[in-house]
Amino acid sequence: MTETTSAPTQTESVDEFAARARAWLADNMPRIDPANPPEADRGEEAPWLRARELQKKLYDGGFAGICFPREYGGLGLPIAYQKAFDNASRGYELPMILNTPTFTICAATILDTGSEEQKRRHISGALRGDEVLVQLLSEPSGGSDLAGVITRADRVGDKWVINGAKTWSTSAFAADYGLMLARTDWDVPKHEGLTMFLVPINSPGITLRRIKQVNGSVEFCEEFFDNLELGDDAVVGGVNEGWHVASRQLYHERRAVGGGSEFASGIGAEGKTDMPIDYVDLLEKSGQADSERARGLAGRALVHRAVREQLIDHVYHGVLDGSLPPAAGSIIRVMHAEIHHLEFDTALAITGSSGVVDVDGDLIRYGERYLSRQTAALGGGTTEIAKNIIGERVLGFPREYAADRGVPFNQVKRNKS
Amino acid sequence: MTDDANPERLLFASTTQSFLEKEASLSRLRELHAAGIPFEPDWWRRAAELGWTSLLVPEALGGGSVSGDGVADLALVAELIGKTVAPGPLHPVSTVLAGLVDAPENHEATIESLVSGEVVASWAVYEPGKPWAPLHPTVTATSTETGFRIDGVKDRVEAGAESAVFLVTAQADGAVRQFLVPADAPGTRVEPQRSIDMVKSYARIHFDGVEVDTSAAVGSAEQTPALIARQSQIAQVLQCAEVVGILDTVLDFTIQWGLDRHSFGRPLASYQALKHKYADLKIWFEACRATTNAAVAAVAARSPGADMAVSVAKSYVGEHGPGMLQDCVQLHGGIGVTWEHDLHLFLRRVTLYRSMFGTPEDHNLRVYDLTKELESAS
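Protein chains in written order, with the numbering used here: chain A, -15 to 401; chain B, -1 to 376.
There is no bait here: all hints are sound.
Simulated crosslink set (EDC-like; lysine to aspartate or glutamate; CA at most 20 Å straight-line):
| id | chain 1 | residue 1 | chain 2 | residue 2 |
| --- | --- | --- | --- | --- |
| 1 | B | 128 | B | 153 |
| 2 | B | 370 | A | 262 |
| 3 | B | 275 | A | 368 |
| 4 | A | 269 | B | 371 |
| 5 | B | 128 | A | 276 |
The hints are simulated quantities; they were obtained by calculation from the structure and are not laboratory data. A quick note: this is a predicted structure, and the numbers were derived from the prediction, not measured.
Starting from the given sequences, assemble the full structure and let the hints guide the process.
Quick look at the structure:
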């Protein structure tokens, strides 16, 4: 930390903190037009280098990790200070792509379950802009049944030897470490034989491949492990206690997706492609500014978009005051997908043929976006899993039948190969 | 909507709730329906004594609210009314009061009689054959030597046959104005209109050369659009709040049904297809509550975004409410479509409110227009 800025004291009020943040931001951070943010394609290298650089500035200025404990490089302040900083930072370029998963999921989980050494090293590393963290959870053999992973970690001498494959890891190519769930005991039921490891992505024994999605994005990666060797210091939580760690990740992920994490810093779009659809502009470009039918469709999408924001706030406070259980985060998760679908469907309807043939005005991008519509209902756990969670853990309905409950994992039926 | 930290409001809520449970139960609703009575005037006077009619009225005009936030308190009453789809003219009386308290000159006595519950008033705003368009009346108010002469027809006037006075929107000298017209003024004729609700009654009102004094005008011509906006907001948030109360109750007993009812040796709630349907209902319910709370807060604060917040809520709650009730009918099976089961009592009210004071389709257009105005203003 540089000497130019004094560290905040416990006695500094939220308003004083916000005033200091505004002054510091004005002197140190690049300004942007919030309606037209710079491109931040998570599939490219450059935005990640830029994000690390911006994060370093935040850290040096004393505004990184506002809600992370001081001993791990944060400021140890309540969420009100983070919200005040978010408001003050509107209109400045911030390292938004580091929020999820690095801070809101990975660093938050390491804080909950990591060793003292892991917390000191990786949380402060991330806050300094030196480390990008990712999750290595899903596998090619199955997505929703996370506890059924078959990547194996075998004990050989004083090392762990990893073999298997992971997929759908966001931007792993740009990351330094990944939280990787592997099976360490095959003779016990599935949840009891898992261990979480913190894996250096650039290790020998890891082959990384980009996944190209329907919309051309290459932000997601697939990793193959061939006799990757790790020491005991890579274990997060205890050996065979990996499900507890993974559950914390899922918990933090649900909160992060809904916009309810105190570990995220900054508000607004990550980049141009993340900007909300401007329906007024879309109606004008498609020559339908006077069409009542088109205005009605657009109005409905705007209504649902507004309700989504109101619901996030309502659920966040409901969980906080206990009127809703923590699993209610899944309500936001399903709503997120519903709104996403409605918006893409609406844009497809409004653009009509100019959304599918490139005539002019770049309206074909709405047709292209539509092609990957389902990502919102798949990422971070499917809509179907989220509805199971709402049924079982919010409404208290009986759990789904599971053929593998209580069965040693090596006796559980798996995919026909 | 409920501020649990405020003990006075909790007391108000529990008094209102026990009054409703005792005096406005679902079986009472069925009795009133069978007798063809929309509500009993004495019952309404007792409801007014509990404070329901004073919430929007400043203390100087004889009103007052328990929490200091009258709109929120009123929305709470509406939500509790939803739990038993109680009868009564809460919506028309509150809507008229919302206009009068913002332009009370010459109307102090009317306000007092409405607060006491002695008198019922209703907003005569809809016109035959026309959709929701409160700023475009065709009823005319022609200047006379002593005031105005009102001519034209209004319809869909809630509690029209039970009202002693109407707040009538009309064209007067090229501007929209509002007038208080007594129901017994010569030239006024009331024809009842039935609704799909068990007890809510409506009426068509003919005004044939009805003479009123200058003092019958409510507010100035300049003031009138803002009064109409405020009255619309109150009417619409009350609908949303009542629907939230209805959905809360119906979801509760439908969830219980899912746990209690067994088929093939399993509770209905254990079937994934039904579990997912229930999850949808829970999501939409919380969203209805969230958007209603936001609208109530915006109206209470007289926020510049109140029009937008109310139209968002009215559209969303109107779009989802009736479908959610139908899903609950489906989850109940055949019993759900019988007269004997209470589901239809709730379905009726929710369907009525979907379509009154602007359909979701109307409000979607409104939200688009407001968004466009905001964009061109920035």
